[in-house]
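Asks: Spelled out from the first residue to the last, the chains are:
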Amino acid sequence: MADTVDIAALVDEEAGHVSRRIYADPAVYEAEQEGLFRRAWGFLAHESEVPEPGDYVERQLAGENVLVIHGKDGVIRAFLNSCRHRGMRLCRADKGNASFLRCPYHGWSYSPEGELVSVFAEELYDAEHLDKSELGLIKVTQVDSYKGFIFGCWSEETPALDEYLGDMRFYLDILVGRTPGGVEVMGPPQCWEVHTNWKFATDNFTGDNFHLYTAHGSIAELGLLPPDPMALSFGNLIQAQRGHVLHIVPGPPIPEAEYFGLPMELRPVIEETLSEPQREIAKGHAFSVGTVFPNLSFMQVMVQGDLRSPPTPFLSFRIWQPTGPTTTKVWSWLFVEKEASEEYRKATYEAYVRTFGPSGIFEQDDMENWEECTRMNKGAIAQRYNLHHGMALQVPPDPDFPGPGKAWPGSYGERTQLCFYGEWKRWLTQEEPWA
Amino acid sequence: MSDTVQSSSGRVMVRVAAMDDLAEGRLKLVRAAHAKLAIVRTGETVRAVSAMCTHARIFLAPGNLTSDGLIECPMHGAMFSPEDGSVRCAPATKPLTVHEVKLLDGEIFVDPGEEPVEENADTTKPGARPSAAQWGNWG
Numbered sequence: 001m002a003d004t005v006d007i008a009a010l011v012d013e014e015a016g017h018v019s020r021r022i023y024a025d026p027a028v029y030e031a032e033q034e035g036l037f038r039r040a041w042g043f044l045a046h047e048s049e050v051p052e053p054g055d056y057v058e059r060q061l062a063g064e065n066v067l068v069i070h071g072k073d074g075v076i077r078a079f080l081n082s083c084r085h086r087g088m089r090l091c092r093a094d095k096g097n098a099s100f101l102r103c104p105y106h107g108w109s110y111s112p113e114g115e116l117v118s119v120f121a122e123e124l125y126d127a128e129h130l131d132k133s134e135l136g137l138i139k140v141t142q143v144d145s146y147k148g149f150i151f152g153c154w155s156e157e158t159p160a161l162d163e164y165l166g167d168m169r170f171y172l173d174i175l176v177g178r179t180p181g182g183v184e185v186m187g188p189p190q191c192w193e194v195h196t197n198w199k200f201a202t203d204n205f206t207g208d209n210f211h212l213y214t215a216h217g218s219i220a221e222l223g224l225l226p227p228d229p230m231a232l233s234f235g236n237l238i239q240a241q242r243g244h245v246l247h248i249v250p251g252p253p254i255p256e257a258e259y260f261g262l263p264m265e266l267r268p269v270i271e272e273t274l275s276e277p278q279r280e281i282a283k284g285h286a287f288s289v290g291t292v293f294p295n296l297s298f299m300q301v302m303v304q305g306d307l308r309s310p311p312t313p314f315l316s317f318r319i320w321q322p323t324g325p326t327t328t329k330v331w332s333w334l335f336v337e338k339e340a341s342e343e344y345r346k347a348t349y350e351a352y353v354r355t356f357g358p359s360g361i362f363e364q365d366d367m368e369n370w371e372e373c374t375r376m377n378k379g380a381i382a383q384r385y386n387l388h389h390g391m392a393l394q395v396p397p398d399p400d401f402p403g404p405g406k407a408w409p410g411s412y413g414e415r416t417q418l419c420f421y422g423e424w425k426r427w428l429t430q431e432e433p434w435a
Numbered sequence: 001m002s003d004t005v006q007s008s009s010g011r012v013m014v015r016v017a018a019m020d021d022l023a024e025g026r027l028k029l030v031r032a033a034h035a036k037l038a039i040v041r042t043g044e045t046v047r048a049v050s051a052m053c054t055h056a057r058i059f060l061a062p063g064n065l066t067s068d069g070l071i072e073c074p075m076h077g078a079m080f081s082p083e084d085g086s087v088r089c090a091p092a093t094k095p096l097t098v099h100e101v102k103l104l105d106g107e108i109f110v111d112p113g114e115e116p117v118e119e120n121a122d123t124t125k126p127g128a129r130p131s132a133a134q135w136g137n138w139g
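From first to last, the protein sequence lines stand for chains F and C. Going by our numbering, the letters in the first sequence line up with residues 1 to 435, in that order. Going by our numbering, the letters in the second sequence line up with residues 1 to 139, in that order.
Chain F with its partners taken away, still in its complex shape (with noise of 0.2 Å):
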């Protein structure tokens, strides 16, 4: 895609080696952006965060801001916020509810379905300079939905969602589909930046638990982590469908921790909405992280936000959107079942803050990272080396799982960064990486 740089040459998914240069170099950043965010399919946005017609908030696809509204005919829709008219920014809140989306420039307005329905001092135009109809907002040019996750998708050649998500979504089901109501957002999300490329983050999030003593050291000192590091070793490594990975992660031996830790009165839904071989798979790990490819994160996880309370299970998606090529805006939303008591959104919400999110204990130790791993890969000196990704690859994957996709066992290893490196060179090097 890119003419200045060899894109193929950059990941050697045999060899476990990556080189520097994709989280710095401009002309990746570019050939990214044409080549994988203008083609994939991207998180939006989660039903429960517009549930009434008018409802909206803003986001962005491909690094555009993006206006996604619940319409007046209960359809949800995806616009570029931009005006017909001048580009201006339409709508300039992140969130609210709006019976008309009113330019601030010169006051051209649209309805909640994307139609400019009123243009100002309109009787000094004829009919031959404006044409109502075909000035409505830019649509996303798809947009489909996954229990109750938005996505939209700025190429008509993608495939569409469901086959684009594949077998992830028997994963996705364990975790968002696992009571019959599924789940909703929990406020909104909480929005920062860091001075990382984006893929240290999913790299990160594509299951990798061996930098958990190191890197959360401080943490494990505390006794916040099992005192034998290698505690959170076993489980699996898992290759869903092509760049959608995860790692399922077991706690100790008590009950507490089947299911994700997730409360009691819970389970028995639970055990009758999955499968045998979803429930096997619940009932069996604590832990889960993984990666919608290319950017749309989770995290279920079990955690102690401080020495008193006992850990509590979260369920966190987020966003890793490149605003740059050493530079990431994160959106990371909190969510819970429908069915939730009062008294468990609390101790999860409490759990989520104290951790993860900008001001989180574990979330400000990764980042620090991500930002010096950036800024050292900068260096062109130092992009003459590229990095390493070799953990745990001679293991075969276990031919007895009961989940789609390859399953490798063992949660330390490398084998899911690969995965993510090696579809990221398909989507920026072939005209139908999705073939």
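Honestly, the hints are just simulated from the structure, not real lab data. Positions of the beta carbon are idealized from the N, C-alpha and C atoms, including for glycine. Errors might be hidden in some of the hints.
What the hints assert, rightly or not - Derived contacts from chain F toward chain C, CB cut-off under 7 Å, selection only:
#, residue
1, V5
2, A9
3, Y29
4, P253
5, P311
6, P396
7, P409
Claimed, not checked - Using C-beta positions, here's what the derived DEER-type ranges look like:
#, chain 1, residue 1, chain 2, residue 2, range
8, C, R31, F, V269, 49 to 55 Å
9, C, A90, F, V269, 25 to 31 Å
10, C, D68, F, P358, 23 to 29 Å
11, C, K102, F, L393, 37 to 43 Å
12, C, A121, F, G63, 44 to 50 Å
13, C, A90, F, E64, 48 to 54 Å
14, C, D21, F, G63, 58 to 64 Å
15, F, P268, C, P126, 55 to 61 Å
16, F, G422, C, A121, 27 to 33 Å
17, F, D6, C, M19, 51 to 57 Å
18, F, I381, C, T4, 46 to 52 Å
19, C, E114, F, G223, 27 to 33 Å
Add chain C to chain F, keeping to what the hints say.
Replies: Then chain C, alone, in the frame of chain F:
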């Protein structure tokens, strides 16, 4: 020369290196049967201790001892005595295991010790699960 000799108590000791391979004040990592060991030479004496730091399960690094003659873990800076494996500096709290050494014609033989029956040692085995002990008092 045979690769093994009997210890005074009848245990099998494994040849791991020659005296000439060892420099004074330096740690060398060797393998004796199932065991990975750290050996240190002081004059005409050789000591052998377990090579994995008891704190964070990282292998100790070959190379110079500290100026006090101690083994320093490269990861978190825990220090151990090569004489008796005792902890001399945190964060480790448990000593390294001492292994019996025998010198014979300039060759070093070490008792690898019993093979540890470590539950679920191989986390890459399908279906392996952590033990309760690995989680300690977590939660």
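Asks: Of the hints given before, which are not true for this structure?
Replies: The structure conflicts with hints 1, 2, 3, 6, 9, 10 and 15, although it agrees with all the remaining ones.
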